[in-house]
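Residue numbers (my numbering), protein chains in the order written: chain P, 2 to 481; chain W, 13 to 441.
FYI, nobody ran anything at the bench for these hints, they're computed from the structure.
One should not assume that every hint holds.
[As the list claims (entries may be wrong)] Examples of chain W residues toward chain P, derived with CB under 7 angstroms:
1. I76
2. D78
3. L306
4. L309
5. M313
6. G314
7. G348
8. V423
9. L434
10. Y438
11. Y439
Think of the CB as a built atom: it goes at the ideal place given N, C-alpha and C, for glycine as much as any other residue.
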Amino acid sequence: MRKTTIFLAACLTLAACGGSGDDSESKETKKKDGEAVAELPDKNPYPSTYIRYPSEDVVITGATVLTGTGTLIENGAVVLHDGKVAAVGAADEVDIPDGAETIDAAGKFVTPGIIDIHSHLGVYPAPSVSSTSDGNEATSPNTAGVWAEHSIWPQDPGFNRALAGGITSLMILPGSANLFGGRTVTIKNVPGRTVQEMKFPDAPYGLKMACGENPKRVYGKSSPSTRMGNFRGYRDGWIDAAAYKKKWDVYAEKIEDGEDADPPSRDLKLETLAMALDGEILVHMHCYRADEMAQVIDMSEEFGYKVSSFQHAVEAYKAADLLAKNGTCAAMWADWWGFKLEAYDGVRENAALVAAQPEGCAIIHSDSDVGIQRLNQETAKAMADGNAIGLNITPEEAITWITSNPAKAMGILDQTGTLEAGKMGDVVIWSGDPFSVYSQAEKVFIDGALMYDRNDPNINPRSDFELGQIGQGPNGGAGK
Amino acid sequence: MKKLISTLAFGMAALTGVATAQTYAITNGHLMMTGDAADPGEIVNGTVIIRDGVIVAAGRNVTIPDNAEVYDAGGAPVTPGLFSPISGLALEEIELADDANDRRVGGFPLSASLKAADAINPDSTVIPVSRSAGVTRAHVGLLAGGDTQFGGCGALIVLDGSMDPLIKECAAQTALLGYSGARRAGDNRAASIAMFRRALTDARNYARDPYLYNQRWTEGHLPAEDADALGDVLSGDVPIIISAFSAPDIRRTLDLADEFGFDLILYGAVEAWRVADEIAAADVPVIIDPMTNLPYLWEDMGATLANAARLEEAGVDVAFANGETHNIRLMPQMAGNAVANGMSHLGALAAITAVPARIFGVEDQLGTLAPGKAADVVVWTGDPLELSSRPRVIFIDGKPQSLDSRQSALVKRYRNLERRDLPTQYYGQ
């Protein structure tokens with residue numbers, strides 16, 4: 002047991018790795034005075050420097066509250082205190098702190114901040130030109146050593162548009178050209194001068210993998226050129242990763258036993274894969290076909306890791322029982338289909354059929370700088386299509402597809418994704434039912450701070466790129 | 013629930029041909045688009061009478077013929093069928109499968125003379141998928157090849173599933189200006205306009221004297237076939253859809269329309285709102301994606317969700333398309349978002365019905381619920397622009413349509429994943 006834990010010892014979460022700026026390496030080496038200690042790699046060399054913005058205590062009253070826990074509260078109240086959700090309940094049952102600012106939201110809706118588990122904002126920003134195309138390191142089938150955060154351009158105007166759509170957290174992934182695409186990063190949708198200022202504190206990293214047509218198409222002239230070639234590539238990668246992990250474990254064990262040992266040489270690619278084998282990095286795999294998902298689940302058992310989510314998962318409805326049994330979420334579009342053969346069997350009931358399974362975990366994702374602006378609308382369509390075949394999906398359930406379920410798959414549910422006391426004050430006030438095409442996010446709070454207000458041009462960020470240009474704000478802006 | 017059952021029974025009887033009535037009455041409907049593109053109109057508690065494929069009455073106080081099969085809409089909205097202005101429907105079954113995509117043109121010397129009509133696949137599964145969402149007519153076209161500026165003639169089709177869905181063989185020519193045009197002409201806007209001018213001048217010369225044109229033809233000028241095809245644009249017989257995005261490019265394109273006297277339809281046009289008055293004065297319709305609000309290129313810096321509303325306010329005819337094929341069924345969502353950003357509800361509905369009909373010259377036959385028009389009629393479960401609404405009954409040319417598609421068959425098959433007596437492939441056929 003010790004072998005596996007030693008590799009993990011440096012940090013179980015990024016917090017323990019010095020999310021607040023500590024140097025985990027030095028922490029590790031100080032562990033035992035006078036004894037030689039293992040020189041383990043710093044697992045958090047680009048730590049989050051996100052600091053929440055100042056906030057007032059706020060009470061939002063009178064709204065219909067969809068909590069993200071599967072509950073709907075009519076005439077509810079949500080209290081934000083010190084950047085966190087302090088209380089949620091019926092308006093007449095919630096304690097209201099002295100001096101809190103009250104927002105009368107009668108007739109409106111309140112939800113947790115919306116979370117997109119699949120975004121390429123910053124790595125494929127607008128403007129979309131070759132010099133900004135930083136999302137796919139399509140130079141080798143295994144680029145597990147690249148990190149999406151090193152490609153993100155914080156000035157992508159797409160972040161601001163997404164904010165106007167209620168997005169408070171998002172995971173940014175490398176593209177899907179490669180079998181192992183690289184590390185994902187989770188950010189808070191708060192503009193920053195640096196990526197580190199946007200990084201979600203303590204969020205685990207993800208590993209982006211890809212099934213099927215994309216790797217085949219990109220590497221067809223070499224390898225992989227077939228789906229069996231894809232699987233050989235994944236398995237070779239995992240075998241190397243297991244061996245790499247063992248090398249480090251043996252090294253750490255020797256040091257622990259007081260023996261002399263040199264640390265093995267580092268390999269960025271295998272470091273990421275080894276952490277995925279340990280469960281420290283969550284695996285998110287782009288996979289369209291149900292039969293491929295089943296193969297991937299077998300592979301995850303072969304090597305002892307877990308697939309946190311299948312991304313796109315156009316055929317998830319054909320394997321919804323299998324996904325539920327395996328505890329794997331499916332992150333889906335409401336209705337995209339037909340752009341390639343593996344997307345030919347897309348159906349609009351996909352998300353609803355996944356959700357209908359006992360313990361089914363449905364997520365609506367965007368993979369688009371347009372879709373991310375209205376994940377609420379995408380969810381509304383998917384809910385309606387489920388209800389059209391009699392699945393009886395309620396708004397309080399559907400909202401979990403873009404709040405708590407993505408938070409769960411991204412490993413941040415303990416911090417955000419629902420309106421529960423103690424969680425981050427990530428909250429959206431909608432002008433009406435968020436599942437109506439006519440409703441818009443009016444106010445968006447992130448960690449209790451008002452970061453977007455549709456009716457206040459001063460609370461409406463503008464990226465450097467758009468500054469001084471004809472560029473318009475998300476809701477019409479200048480010239481209106 | 014009762015309503016749903018009666019709908020199904022209604023549709024089934026008609027489809028199986030059992031006592032198929034030629035006359036239908038849709039009563040108690042909230043009729044939308046009863047006027048024209050400029051003044052769409054709506055009538056609450058109205059009745060639509062369909063006879064022999066045509067709308068013969070739409071309004072209140074309508075007498076229901078004795079032989080009519082009556083469908084009570086129960087107050088639900090009733091609209092014309094949706095009309096998609098730009099897509100690769102029936103050309104592009106799968107975008108990234110070369111053998112299932114005849115929308116793209118690879119390296120090929122001809123351009124303007126190509127006809128989408130020649131590649132229409134009436135069996136495309138995208139047709140029933142789109143129809144079941146209320147789309148009854150579409151203008152479909154090819155994409156200009158990598159080295160050419162013209163996409164050839166787009167066709168108008170009906171989505172009734174018939175073997176010959178063509179209703180207009182050549183509804184519009186297409187051309188690319190803006191950056192996508194520039195990319196094909198030395199990566200320069202001035203060059204792309206020069207290229208376009210030369211093409212129209214070629215067409216003019218060809219029309220004057222085809223024999224001489226061929227005699228004098230040199231490399232770089234339009235092949236005779238293309239010059240001939242563009243003659244229909246110069247003569248005003250066929251309009252031309254030109255994509256241009258920035259306000260300056262749009263103004264240049266308006267100038268070209270003046271110079272050569274063609275019927276212009278603007279496409280893309282994300283900065284159209286900045287020159288809305290000029291577009292209105294030129295009486296040029298505009299096809300936009302009302303959900304575009306990002307500066308993808310420098311020509312899009314003024315992209316805003318307010319584009320549609322501002323164009324409407326200036327009196328410009330607006331239709332909606334994003335150019336995508338498989339989800340033209342999302343036109344109502346586009347329209348709903350236009351409304352959320354300031355456009356009128358009926359104006360947005362017109363943008364997906366009456367305006368496309370007008371743009372492609374079939375406004376006397378399609379696009380509204382006016383008497384005399386083809387009976388493309390959709391009864392919805394709710395506000396047609398709302399995300400939760402779906403068609404309940406669809407008529408095309410007065411015939412009730414199936415709401416089934418390959419997708420509904422897949423859902424039927426996989427609705428239940430329990431192991432049964434035989435593998436899944438034996439069920440839901």
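Tell me the numbers of any earlier hints that the structure contravenes, in ascending order. The structure conflicts with hints 1, 2, 9, 10 and 11, although it agrees with all the remaining ones.
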